[in-house]
Amino acid sequence: MTKRRKTSGIQKKLIPSYIFLTIVSFISVFPFYWMISAATNTTVEVARGKLTIGTHALENFQKLVAQQNLWGSLGNSFLYAGVQTIVALFICSLAGYGFELYHDKNKDRVFSVLLLAMMVPQVATMIPLFKMISKMKLLNTVWAFILPAISTPFLIMMFRQNSRNFPVDIMEAARIDGLSEFKIFFKMYMPIMKSTYAAAAVITFMNAWNAYLWPKVVMTDNRAQTMPMLIANLAAGYTVDYGVLMMGVLFCSIPTMIIFFVLQKQFAEGITGAVK
Amino acid sequence: MKKQRRTVTAKQHAAGWIYLAPATLLIAVMSFWPIIQAIITSFKTGSSANMQWAEPIIYNYKRMFQDQLFLRSVGNTFLYLLVEVPIMLILAMFLAQLLNNKDLKFKGFFRTCVFLPCATSLVSYSLIFKSLFVTQGLMNSILIKLGILETNYNFLGNASSAKAIIIIALIWRWTGYNMVFFLAGLQNIEYSVYEAAKIDGANGWQTFWRITAPLLKPTIVMTAIMSINGTLQLFDESVNLTSGGPANSTITMSHYIYNNSFGTGVANFGYASAMSFFVFILVAVLSFINMKVGDKRD
Numbered sequence: 001m002t003k004r005r006k007t008s009g010i011q012k013k014l015i016p017s018y019i020f021l022t023i024v025s026f027i028s029v030f031p032f033y034w035m036i037s038a039a040t041n042t043t044v045e046v047a048r049g050k051l052t053i054g055t056h057a058l059e060n061f062q063k064l065v066a067q068q069n070l071w072g073s074l075g076n077s078f079l080y081a082g083v084q085t086i087v088a089l090f091i092c093s094l095a096g097y098g099f100e101l102y103h104d105k106n107k108d109r110v111f112s113v114l115l116l117a118m119m120v121p122q123v124a125t126m127i128p129l130f131k132m133i134s135k136m137k138l139l140n141t142v143w144a145f146i147l148p149a150i151s152t153p154f155l156i157m158m159f160r161q162n163s164r165n166f167p168v169d170i171m172e173a174a175r176i177d178g179l180s181e182f183k184i185f186f187k188m189y190m191p192i193m194k195s196t197y198a199a200a201a202v203i204t205f206m207n208a209w210n211a212y213l214w215p216k217v218v219m220t221d222n223r224a225q226t227m228p229m230l231i232a233n234l235a236a237g238y239t240v241d242y243g244v245l246m247m248g249v250l251f252c253s254i255p256t257m258i259i260f261f262v263l264q265k266q267f268a269e270g271i272t273g274a275v276k
Numbered sequence: 277m278k279k280q281r282r283t284v285t286a287k288q289h290a291a292g293w294i295y296l297a298p299a300t301l302l303i304a305v306m307s308f309w310p311i312i313q314a315i316i317t318s319f320k321t322g323s324s325a326n327m328q329w330a331e332p333i334i335y336n337y338k339r340m341f342q343d344q345l346f347l348r349s350v351g352n353t354f355l356y357l358l359v360e361v362p363i364m365l366i367l368a369m370f371l372a373q374l375l376n377n378k379d380l381k382f383k384g385f386f387r388t389c390v391f392l393p394c395a396t397s398l399v400s401y402s403l404i405f406k407s408l409f410v411t412q413g414l415m416n417s418i419l420i421k422l423g424i425l426e427t428n429y430n431f432l433g434n435a436s437s438a439k440a441i442i443i444i445a446l447i448w449r450w451t452g453y454n455m456v457f458f459l460a461g462l463q464n465i466e467y468s469v470y471e472a473a474k475i476d477g478a479n480g481w482q483t484f485w486r487i488t489a490p491l492l493k494p495t496i497v498m499t500a501i502m503s504i505n506g507t508l509q510l511f512d513e514s515v516n517l518t519s520g521g522p523a524n525s526t527i528t529m530s531h532y533i534y535n536n537s538f539g540t541g542v543a544n545f546g547y548a549s550a551m552s553f554f555v556f557i558l559v560a561v562l563s564f565i566n567m568k569v570g571d572k573r574d
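Going down the list, the protein sequences come from chains V and P. Heads up: the first sequence begins at 1 in our numbering, then just goes up one per residue. Heads up: the second sequence begins at 277 in our numbering, then just goes up one per residue.
Treat the hints loosely; a few may be bogus.
Stated by the list, open to error - Subject to a maximum C-alpha distance of 25 angstroms in a straight line, what follows is the list of computed DSS-like cross-link-like pairs (lysine-lysine): (1) V:Lys183 <-> V:Lys107; (2) P:Lys383 <-> V:Lys12; (3) P:Lys287 <-> V:Lys105; (4) V:Lys131 <-> V:Lys194; (5) P:Lys474 <-> P:Lys378; (6) V:Lys183 <-> P:Lys287; (7) P:Lys320 <-> P:Lys338; (8) V:Lys12 <-> P:Lys474; (9) P:Lys381 <-> V:Lys13; (10) V:Lys135 <-> P:Lys493; (11) P:Lys287 <-> V:Lys107; (12) P:Lys474 <-> V:Lys265; (13) P:Lys421 <-> V:Lys50; (14) V:Lys194 <-> V:Lys183; (15) P:Lys474 <-> P:Lys383; (16) V:Lys131 <-> P:Lys320; (17) P:Lys474 <-> P:Lys493; (18) V:Lys187 <-> P:Lys287; (19) V:Lys265 <-> P:Lys493; (20) V:Lys12 <-> P:Lys338; (21) V:Lys12 <-> P:Lys381; (22) V:Lys13 <-> P:Lys338; (23) V:Lys13 <-> P:Lys474; (24) P:Lys378 <-> V:Lys13; (25) V:Lys107 <-> V:Lys12; (26) V:Lys265 <-> P:Lys338; (27) P:Lys378 <-> P:Lys287; (28) P:Lys378 <-> V:Lys265.
Rather than coming from a laboratory, the hints here were simulated on the basis of the structure. Bear in mind the structure is a predicted one, so any value in this text is a computation, not a measurement.
Input sequences plus hints: build the corresponding full structure.
Structure, rendered in structure tokens:
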């Protein structure tokens, strides 16, 4: 009897779980629905608490484009996040590979010192880094955005941990075949580790896209601003048009939401990446 | 033969150093060097172009502990930390426990929903929550329709409710994120352990405290460290959800440091550096305590 209940339909004792999970799911998803519906309504309707999809999406979009440099900021965000992802993945995977597959006592010592950088908060480095970047005349460039973020203990550790599964035998075989040390990295390590690269790419892109404090410090020119900066500007005035604001928030969220839905598995792996 | 082998390993060791050189140098220049610079700057005063040693040398630190606004930002940050982190982690663990049930249906759907808030940027969700809770916003109109409120309540204009909203928003954004760690941790526990506990007559509560919690300890310690670290550095929410207001009652340490260095007021890099060094010490000490506590229970 109990066995049959297990296979067919919902177990009775799990009903509280379903109710709880449904409530939590609703709370988790609702703000997204609200963002979309508010983006299609006028600010007056938003203030009244109108919950249905409205007809003012185009109007809000036109106002957004007129008020802010939407395409420029979108382009900047894609450029910065894209470059950061590519460069960070290359540098950190190279290091993770070196730390794990060429490890010796000294390299392990260096590694444990690098891990200390995890405890360095962004606010503590932002003033000296700002001075450094402005001295190098790099303010408002992609380099200003990426330089402090392309080598992170998190990514290095992620690649190091995942390199444990890397078959060392084939490295030996490749050496006997006369492949140089660097070719082993490009021709063997990179293809074999592609799932780690995918997870690392997703998490790095997300972090870069969402960055706010550091870009706010070094991207002082309006033309260099990112999407999070743009929407923050929209909300900073005395009178905020919530329809236009939510249209901006929607534009800022669409790329990360697409990544979330298409690459959810890689995203989850990226978050937990360094623990295995 | 032997000699040749040794030269190959020497070459390999050298190659290893080349691999880790760029990353190591970057961390040294972009994290360690700036933190040393920050310590030096914290003993200086004056505008950024013309800085001098402070008189007395600990002037900025003295000022910091007499600055009511800074102390308030420390208090706020700790309030968020002490209220938000435990609620969030317990909720995340509980949700992971529910979702790890073999017999549960629609698991993927529920997991995706709970995880979804991670798809927003920190600025985005701060602004979404702002729009939900402003005086002329959805929450007010719902509460009025339900008859709970008579007139619009200024949630973000009242210190206590504004703090509560920041905490609610943080829980909303980060619970699913932490749940992912607990789900990964739970999946490493063999199902047979639970079967054995069941045979021994353990109830759900006992099973959780005696088996699940101890086995999840590394996950708990790690999520706690990450959450503490993140909360001590809260910035986006304070800036965008409440603008630190009303009257700086919800401002966080990072927000106040930003205001003192790159905000609209006078840039005071020396003072801001002193405060940021304080944050650094807090992060380091709390992570250290957390790791020690994690070790002891072994």
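Against the structure, the hints come out as follows:
1. V:Lys183 <-> V:Lys107: holds, 21 angstroms
2. P:Lys383 <-> V:Lys12: holds, 16 angstroms
3. P:Lys287 <-> V:Lys105: Roughly 16 angstroms between the alpha carbons, so the hint for lysine 287 of chain P and lysine 105 of chain V holds.
4. V:Lys131 <-> V:Lys194: violated, 37 angstroms
5. P:Lys474 <-> P:Lys378: Holds. Lysine 474 of chain P to lysine 378 of chain P sits at ~15 angstroms (cutoff 25 angstroms).
6. V:Lys183 <-> P:Lys287: Distance of about 14 angstroms is within 25 angstroms: holds.
7. P:Lys320 <-> P:Lys338: holds, 13 angstroms
8. V:Lys12 <-> P:Lys474: Holds, at roughly 19 angstroms.
9. P:Lys381 <-> V:Lys13: holds, 13 angstroms
10. V:Lys135 <-> P:Lys493: This hinted pair is violated, its Cα atoms lying about 46 angstroms apart.
11. P:Lys287 <-> V:Lys107: With Cα atoms ~15 angstroms apart, lysine 287 of chain P and lysine 107 of chain V stay inside 25 angstroms; holds.
12. P:Lys474 <-> V:Lys265: violated, 32 angstroms
13. P:Lys421 <-> V:Lys50: Distance ~12 angstroms between lysine 421 of chain P and lysine 50 of chain V Cα, so the pair holds.
14. V:Lys194 <-> V:Lys183: With a Cα-Cα distance of about 16 angstroms, the restraint between lysine 194 of chain V and lysine 183 of chain V holds, given a limit of 25 angstroms.
15. P:Lys474 <-> P:Lys383: holds, 23 angstroms
16. V:Lys131 <-> P:Lys320: With Cα atoms ~15 angstroms apart, lysine 131 of chain V and lysine 320 of chain P stay inside 25 angstroms; holds.
17. P:Lys474 <-> P:Lys493: Roughly 21 angstroms separates the two Cα atoms, so the pair holds.
18. V:Lys187 <-> P:Lys287: holds, 19 angstroms
19. V:Lys265 <-> P:Lys493: holds, 24 angstroms
20. V:Lys12 <-> P:Lys338: violated, 63 angstroms
21. V:Lys12 <-> P:Lys381: Distance of about 12 angstroms is within 25 angstroms: holds.
22. V:Lys13 <-> P:Lys338: violated, 60 angstroms
23. V:Lys13 <-> P:Lys474: holds, 16 angstroms
24. P:Lys378 <-> V:Lys13: holds, 13 angstroms
25. V:Lys107 <-> V:Lys12: violated, 56 angstroms
26. V:Lys265 <-> P:Lys338: Given that 25 angstroms is the threshold and the Cα spacing comes to 50 angstroms, the pair is violated.
27. P:Lys378 <-> P:Lys287: violated, 52 angstroms
28. P:Lys378 <-> V:Lys265: Holds: lysine 378 of chain P and lysine 265 of chain V sit about 20 angstroms apart, inside 25 angstroms.
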